[in-house]
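Using the sequences provided together with the hints, build the complete structure.
There are 2 protein chains.
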Amino acid sequence: MIIEKINEPNDLKKLTIEELNNLACEMRQFIIKKVNTTGGHLGPNLGIVETTIAMHYVFNSPEDKIIYDVSHQCYPHKILTGRKECFTNCDEYFKYSGYTSPEESCHDLFKVGHTSTSVSLALGVAKARDLKGDKGNVIALIGDGSLSGGEAYEGFNNASCLNGNLIIVVNDNDMSIAENQGGLYQNLKLLRETNGVAELNFFKSLGFDYLYADDGNNIQKMIDVFKKVKDSNHPIVVHVKTQKGHGLKCAEINKEMFHWILPNTLDDNNEQIQNNGNVPENYNSITTDFILNKAKDDKTVVAITPATPGAYGFNHEFREKLGENKQYIDVGIAEEHAIAYGSALAKSGAKPFLAVLSSFIQRTYDQLSQDLCLNNSPITLLIYWGAITNADATHLGIFDIPLMSNIPNLIYLAPTNKEEYQAMLEYAYKQTAHPLAIRVPFGEMVSSGQVDNTDYSILNKYKVTNNGEKVAIIGLGNFYHLGERVAKNLKEKHNINPTVINPKFITGVDVELLESLNANHNLVITLEDGVIDGGFGEKITRFYGNSNMKVLNYGAKKEFTDRVPLDELYKRYRLTPLQIVEDILKYI
Amino acid sequence: MIIEKINEPNDLKKLTIEELNNLACEMRQFIIKKVNTTGGHLGPNLGIVETTIAMHYVFNSPEDKIIYDVSHQCYPHKILTGRKECFTNCDEYFKYSGYTSPEESCHDLFKVGHTSTSVSLALGVAKARDLKGDKGNVIALIGDGSLSGGEAYEGFNNASCLNGNLIIVVNDNDMSIAENQGGLYQNLKLLRETNGVAELNFFKSLGFDYLYADDGNNIQKMIDVFKKVKDSNHPIVVHVKTQKGHGLKCAEINKEMFHWILPNTLDDNNEQIQNNGNVPENYNSITTDFILNKAKDDKTVVAITPATPGAYGFNHEFREKLGENKQYIDVGIAEEHAIAYGSALAKSGAKPFLAVLSSFIQRTYDQLSQDLCLNNSPITLLIYWGAITNADATHLGIFDIPLMSNIPNLIYLAPTNKEEYQAMLEYAYKQTAHPLAIRVPFGEMVSSGQVDNTDYSILNKYKVTNNGEKVAIIGLGNFYHLGERVAKNLKEKHNINPTVINPKFITGVDVELLESLNANHNLVITLEDGVIDGGFGEKITRFYGNSNMKVLNYGAKKEFTDRVPLDELYKRYRLTPLQIVEDILKYI
Numbered sequence: 000m001i002i003e004k005i006n007e008p009n010d011l012k013k014l015t016i017e018e019l020n021n022l023a024c025e026m027r028q029f030i031i032k033k034v035n036t037t038g039g040h041l042g043p044n045l046g047i048v049e050t051t052i053a054m055h056y057v058f059n060s061p062e063d064k065i066i067y068d069v070s071h072q073c074y075p076h077k078i079l080t081g082r083k084e085c086f087t088n089c090d091e092y093f094k095y096s097g098y099t100s101p102e103e104s105c106h107d108l109f110k111v112g113h114t115s116t117s118v119s120l121a122l123g124v125a126k127a128r129d130l131k132g133d134k135g136n137v138i139a140l141i142g143d144g145s146l147s148g149g150e151a152y153e154g155f156n157n158a159s160c161l162n163g164n165l166i167i168v169v170n171d172n173d174m175s176i177a178e179n180q181g182g183l184y185q186n187l188k189l190l191r192e193t194n195g196v197a198e199l200n201f202f203k204s205l206g207f208d209y210l211y212a213d214d215g216n217n218i219q220k221m222i223d224v225f226k227k228v229k230d231s232n233h234p235i236v237v238h239v240k241t242q243k244g245h246g247l248k249c250a251e252i253n254k255e256m257f258h259w260i261l262p263n264t265l266d267d268n269n270e271q272i273q274n275n276g277n278v279p280e281n282y283n284s285i286t287t288d289f290i291l292n293k294a295k296d297d298k299t300v301v302a303i304t305p306a307t308p309g310a311y312g313f314n315h316e317f318r319e320k321l322g323e324n325k326q327y328i329d330v331g332i333a334e335e336h337a338i339a340y341g342s343a344l345a346k347s348g349a350k351p352f353l354a355v356l357s358s359f360i361q362r363t364y365d366q367l368s369q370d371l372c373l374n375n376s377p378i379t380l381l382i383y384w385g386a387i388t389n390a391d392a393t394h395l396g397i398f399d400i401p402l403m404s405n406i407p408n409l410i411y412l413a414p415t416n417k418e419e420y421q422a423m424l425e426y427a428y429k430q431t432a433h434p435l436a437i438r439v440p441f442g443e444m445v446s447s448g449q450v451d452n453t454d455y456s457i458l459n460k461y462k463v464t465n466n467g468e469k470v471a472i473i474g475l476g477n478f479y480h481l482g483e484r485v486a487k488n489l490k491e492k493h494n495i496n497p498t499v500i501n502p503k504f505i506t507g508v509d510v511e512l513l514e515s516l517n518a519n520h521n522l523v524i525t526l527e528d529g530v531i532d533g534g535f536g537e538k539i540t541r542f543y544g545n546s547n548m549k550v551l552n553y554g555a556k557k558e559f560t561d562r563v564p565l566d567e568l569y570k571r572y573r574l575t576p577l578q579i580v581e582d583i584l585k586y587i
Numbered sequence: 000m001i002i003e004k005i006n007e008p009n010d011l012k013k014l015t016i017e018e019l020n021n022l023a024c025e026m027r028q029f030i031i032k033k034v035n036t037t038g039g040h041l042g043p044n045l046g047i048v049e050t051t052i053a054m055h056y057v058f059n060s061p062e063d064k065i066i067y068d069v070s071h072q073c074y075p076h077k078i079l080t081g082r083k084e085c086f087t088n089c090d091e092y093f094k095y096s097g098y099t100s101p102e103e104s105c106h107d108l109f110k111v112g113h114t115s116t117s118v119s120l121a122l123g124v125a126k127a128r129d130l131k132g133d134k135g136n137v138i139a140l141i142g143d144g145s146l147s148g149g150e151a152y153e154g155f156n157n158a159s160c161l162n163g164n165l166i167i168v169v170n171d172n173d174m175s176i177a178e179n180q181g182g183l184y185q186n187l188k189l190l191r192e193t194n195g196v197a198e199l200n201f202f203k204s205l206g207f208d209y210l211y212a213d214d215g216n217n218i219q220k221m222i223d224v225f226k227k228v229k230d231s232n233h234p235i236v237v238h239v240k241t242q243k244g245h246g247l248k249c250a251e252i253n254k255e256m257f258h259w260i261l262p263n264t265l266d267d268n269n270e271q272i273q274n275n276g277n278v279p280e281n282y283n284s285i286t287t288d289f290i291l292n293k294a295k296d297d298k299t300v301v302a303i304t305p306a307t308p309g310a311y312g313f314n315h316e317f318r319e320k321l322g323e324n325k326q327y328i329d330v331g332i333a334e335e336h337a338i339a340y341g342s343a344l345a346k347s348g349a350k351p352f353l354a355v356l357s358s359f360i361q362r363t364y365d366q367l368s369q370d371l372c373l374n375n376s377p378i379t380l381l382i383y384w385g386a387i388t389n390a391d392a393t394h395l396g397i398f399d400i401p402l403m404s405n406i407p408n409l410i411y412l413a414p415t416n417k418e419e420y421q422a423m424l425e426y427a428y429k430q431t432a433h434p435l436a437i438r439v440p441f442g443e444m445v446s447s448g449q450v451d452n453t454d455y456s457i458l459n460k461y462k463v464t465n466n467g468e469k470v471a472i473i474g475l476g477n478f479y480h481l482g483e484r485v486a487k488n489l490k491e492k493h494n495i496n497p498t499v500i501n502p503k504f505i506t507g508v509d510v511e512l513l514e515s516l517n518a519n520h521n522l523v524i525t526l527e528d529g530v531i532d533g534g535f536g537e538k539i540t541r542f543y544g545n546s547n548m549k550v551l552n553y554g555a556k557k558e559f560t561d562r563v564p565l566d567e568l569y570k571r572y573r574l575t576p577l578q579i580v581e582d583i584l585k586y587i
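Chains as they are written, first to last, in numbering that gives the first Met the number 0: chain B, 0 to 587; chain E, 0 to 587.
Quick caveat, the hints were computed from the structure, so don't treat them as lab data.
One thing to keep in mind: the hints can contain errors.
[What the hints assert, rightly or not] In silico DSSO-like links for lysine-lysine, alpha-carbon gap of 27 angstroms or less:
(1) E/Lys-131 / B/Lys-295
(2) B/Lys-226 / B/Lys-12
(3) B/Lys-429 / E/Lys-131
(4) E/Lys-298 / E/Lys-325
(5) E/Lys-570 / B/Lys-325
(6) E/Lys-429 / E/Lys-460
(7) B/Lys-293 / E/Lys-131
(8) E/Lys-556 / B/Lys-462
(9) E/Lys-295 / B/Lys-131
(10) B/Lys-556 / E/Lys-570
(11) B/Lys-298 / E/Lys-131
(12) E/Lys-556 / B/Lys-556
(13) E/Lys-134 / B/Lys-320
(14) B/Lys-131 / B/Lys-227
(15) E/Lys-429 / B/Lys-134
(16) B/Lys-229 / E/Lys-325
(17) B/Lys-320 / E/Lys-226
(18) B/Lys-13 / B/Lys-226
(19) E/Lys-460 / B/Lys-556
(20) E/Lys-429 / B/Lys-131
(21) E/Lys-325 / B/Lys-134
(22) E/Lys-32 / E/Lys-134
(23) E/Lys-134 / B/Lys-295
(24) E/Lys-492 / E/Lys-570
(25) E/Lys-460 / B/Lys-293
(26) B/Lys-293 / B/Lys-325
(27) B/Lys-131 / E/Lys-4
This is how it looks when you write it as C-alpha cells:
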C-alpha cells in the first residue's frame, strides 16, 4: 500500500499522480473504518482528502503553516503528518484527538474545536512571520459552514489588508453541519455555478484576490491550483468546490447524518445500518414534544438553533412539523446573532426556545449580557451537554454556570428529572418577566413518576427532599442524584440522616432555607456538574462566610481536560460518593 | 423656533421642507451646546440629523419600529420623540441616557450601547411581527463602523433571508470611532464613488436588495429615498452617505477627536479650545511609554486595539511612532478577531499588547477560552476601565473579573500603583509561559516612589503590607487603597492593627499565606472593584469554607446600574471605610 511510504508530508513529493490518487483511496477507506469504529467526523474528512494531499504536496509544512478551522476536516492532514497509525492500527484509534493539537505534531499550530477562528489565527501567524522577517506561506483552511460565524468575518475583513502572503482555502462542500443558512450561500452558489467568474463576489467585496477551483476532489487539479498561489505576495482566497462525504455513497447522499457518526453506523459493505427507529423517551424528546405541542396552538412559538439541531433531536420530522424558516429557525453557526435575534423575538411578544450546547453558549457572553439580560427579554434558553465529561478539551460543558449565572437578570434553572424539566418548560413558556435558561439534564432520563406542580415564579425556592441534621447536601441539577447516593451511604453506613436539597435555581440563594440550616447543621456541601470557580457552590459558601457553618464545594477543577475518562475525573475531583462521605465525616 | 412645535414624530409631517431644514439647524445647535456641556457623542449625531428627520417624516414610529445600533447616533431621534428638553433645557441635560432606552420612550425598542447588534435585533422584531400577523416597517440604523463587528455580519447574513419587510439603513460617514479598518471599507468607498452602481457589492453578495443614497444630509433627498423603500416586502439595504460632524467645522475636519467629547471642548464660537497639551503622567502614559520603549528595540512588539485607541491614550503620535499597520494595529470593532489574532501572534513569537475596555472584553469569552487560553499563548491583555463607576448600564466595568478569572490558564494581575504596573508590564513582556492580563488601575495614578522588584513568575504570591492580627484585609487592585483606609480607621479609632494584603493575583489563591492567617486572625475581608458574584473574593471564602475563619466579601452587587452616582453605589454596597469598619467590629 502507498500509505506505508508516507511518514511525513515530504514523502508525498516522491509519488506520481497515480500513486497519489491511490493513496487517496487508501486514506478514505482507513478513515471510514476508523470513524465507524470510534465515532467522529466523517463527511467533512472524506470530502477533503484530495485537497489535503495536494496541499501537502505543494506546500512544505511545517515551514509553511497550515491552520485548520474547527478541525472537522483534519483527519487526512493527521494521516499525512506522522499520525497515520491512528487510522491504520485499531489499537491506536484513540491515541490522537479528533482535532488539531500542537501537542501531537509540529504540523498542528493550534488546538481548535470551535468554528470560524482560522482566518484570525492565520493572520496572526502571518503577521508574526513578517514582523520577525521570516519566510513561508501561511494557509488557513476553512469550510463554507464556518463562514457564517462572525469571528470568521472579522478575520476576513482584517486579513485582506495584510501586506504579505496569506492563502485562505475555502472548502466549499455546500453544507454546514446541517444545511447552510444565510444570504452568503446564494453567492457561493453563484460563484460555483459561474466557475468563479461572477462579478458579485463576497470575498472580493472584502478586498481579496480570488481564485476558484472547480474540483477539490481532483488531486492533479488542486496541485495546479496550489502551485499558482504558492508564495503569493498578498492575501488570496482559493475557493474550492468539494463534495462532502466524497467516495462513500450514503454520506454523499445524506450529508447531515454523516457529518458526524456514532460507532457502527456502517456495515461491512459501507452501507448504513438501519436502526428500528424506536428511541426511548429522553430529554431530547421531552423538549421536542413540548415545543411541537405548544407550537400547534401558538404560532409565536419558535425553535432556534445555531447550526447544531442534531444534538438536541431537532430532526427532519421536527423541523418539517414546525415549518423551516417559519417556527423552526437554524441561524447557521452564528451564536451571537441567535441570542440577539431571540431576545428581540421575546421582547416583541413571540416565544423563542433557543437550544445551544454548553460549550457554544461560550460564544455569546456579551449578547447574553447586553442584548438579552440588560433588556430583560423573556427568552427560553435550553443549555445542552452541561456536565463534566470525557470530552475533548475543545468541547467541555463545565463553564456555562460561571459564564451565565453571574450575569444580572438571568434566571438559570437546573431540573433533576423529567417532570421538573417539563414543569420548568411550562413555566418558561408562560412567564414574561425574565430571561430564562434551563440546564437540560445530561445523561439517562430520570423520572419521578409524579407531576411537578412547583410554582417556579417564586424565585430561588429550593426544595428539601429529606429533612435531616448535621450535614446538608445541596445537589444541583445532574448532581442531585449524586447527593442522594451520598445521603444513602451516610444513612446506611454511618447512621447519619443528612438533609438533602434540590436547589433547582442556579442563579439565586434561598436565604430563608440556608438560614434555617444553621439551627441543626454544621456542614453544608454543594455538588455541581461543572467547574467550581465562579459557580453555584461558591455563592452558598459566601452566604455562610459570616457564620459558623462549614461549607465544602464539589465540582470540577478550573482546568482544560482532554478526553480524560469520566471515572478518573470524578476521582480527581473527589466526586465519588465514598470520597465525599469520607470528607463529610471529617467535619461532623 | 420650529423645535417648539415638535413633541412627537407626527408633528414633523405638518412641516414644509424649508421648516424641516430650519429644524435641522436648530437641532444641530442644541446638540452641540448640550454635548459641549455634558460631554457625549458629537460627530455621529451631527451627521445623522437630516436622515433622522427624514426617517421620522416618512415612517410612523412607534408603529414602524426603528432599532438603533450602539446608539451613538440617537440624539436627533431623542429630540424628535418627546425628549427634546434634554437638549433644549440645561436643567434637564442629564435626564436621559446617551443611549436608546425603552424606559424613556416607546420609540426606543432596546437598551443598546455595544455595537453591531441592530440587524439581529431588527430581524427578531420583524420575525415576531410576521409570526403575529402584525404590520409595519422595521428599520435598523447601523453605522459603517459597526459593520466590522462579527455580530453585525451574522445578522446581515440571516436578515437577507427574511420573507418580509426589513429596511437596514447603513449610515456611512466613512469613519468608525477612529478610522475604519478592513477590506470591506474599500468596497464601501467604491460604492460611494460609483453612486452605488458598482457590481461588486458587499450587501448584494449577502443577498440584499440595495439602494444608494448619495446625500444623507439632505432632507428632501432622504425623504424621497425612504418613501421608495417604505413598506418594502423584502429586506433591503439603504446605503446612505453622510458626513460625520456635519455642520461643525472642527468636527468635520477632526472626526476622531469629535466622535465623543469632554465637556467644554468648544468655545462660544464653536471653535475647539486648545489645551496646553501638558498631561501629567498617568496609567495611559505609563502604558504607551512602555510599549514605545520596548518597540524601539524589538520589532515583534505590537500594540493592538479593537477600535477604541483613544480610551488608553493610543493617540496619533503613538500610532505614528509604532507605524500604523506595522507595530500598531487597529482591527476595527472586532474584539473576537483581536483575541484570536493576538493569540496567534503570541504563539508565533511576537509580543502583542492588546488593550481593551472591561466592558468590551465581554465580547470575547469564547476567544479567550478557546483561541487564547486553551492554546496557552503568552499574550498581554491590558484591561482598562475595570471598576465600579457611575457609567451607563451599557458600559459597566464590573464583570471582567468573573468573566476572565474563571477561565483556565489565564493569569490576571491587579496592580495597585505605577511601579507595580510597570513591573508587571516588564514581566508580561519577558514571560512566555501564560496568557497574561493586567487590570490597568482605574482613576488617579498612585506612585509608591519605589521600584517594584517582585518576581511575578512566582504565581499567586500575595504581598503582606502590614502584619497585624484579628482581621486581615485583602484589597484587590484599585481597592487596595480602600483597604488601607479601612486599616487606618481601625488603628486610629479602634486600636486594632489589621493585617493588610495586596494580592496582586486575581486568578489564584496564596494558600500558604491564607493558611498562616488562621493562627491569629478570625476574620478576613476581601475588597474588589467589581461584581462579587463569581469574582475574586468568593475564592477566598471557598478556601476558608472548612475552617473557623469568617470571611466577608465586598464589591458590587450583581445588577445593571445606570448612571448611579458613585458615592451612592459605594453606600449601597457598603464600600465606605466607615461601613466596612462597622461590619468588622461585629465579628472580631
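The hints, checked one at a time:
no.	hint	in the structure
1	E/Lys-131 / B/Lys-295	holds (14 angstroms)
2	B/Lys-226 / B/Lys-12	holds (13 angstroms)
3	B/Lys-429 / E/Lys-131	holds (17 angstroms)
4	E/Lys-298 / E/Lys-325	holds (9 angstroms)
5	E/Lys-570 / B/Lys-325	violated (50 angstroms)
6	E/Lys-429 / E/Lys-460	holds (19 angstroms)
7	B/Lys-293 / E/Lys-131	holds (15 angstroms)
8	E/Lys-556 / B/Lys-462	holds (25 angstroms)
9	E/Lys-295 / B/Lys-131	holds (14 angstroms)
10	B/Lys-556 / E/Lys-570	violated (35 angstroms)
11	B/Lys-298 / E/Lys-131	holds (7 angstroms)
12	E/Lys-556 / B/Lys-556	holds (25 angstroms)
13	E/Lys-134 / B/Lys-320	holds (25 angstroms)
14	B/Lys-131 / B/Lys-227	holds (26 angstroms)
15	E/Lys-429 / B/Lys-134	holds (25 angstroms)
16	B/Lys-229 / E/Lys-325	holds (24 angstroms)
17	B/Lys-320 / E/Lys-226	violated (39 angstroms)
18	B/Lys-13 / B/Lys-226	holds (16 angstroms)
19	E/Lys-460 / B/Lys-556	holds (20 angstroms)
20	E/Lys-429 / B/Lys-131	holds (17 angstroms)
21	E/Lys-325 / B/Lys-134	holds (17 angstroms)
22	E/Lys-32 / E/Lys-134	violated (39 angstroms)
23	E/Lys-134 / B/Lys-295	holds (22 angstroms)
24	E/Lys-492 / E/Lys-570	holds (20 angstroms)
25	E/Lys-460 / B/Lys-293	violated (56 angstroms)
26	B/Lys-293 / B/Lys-325	holds (14 angstroms)
27	B/Lys-131 / E/Lys-4	violated (64 angstroms)
Violated hints, listed in ascending order, are 5, 10, 17, 22, 25, 27; each of the other numbered hints is respected by the structure.
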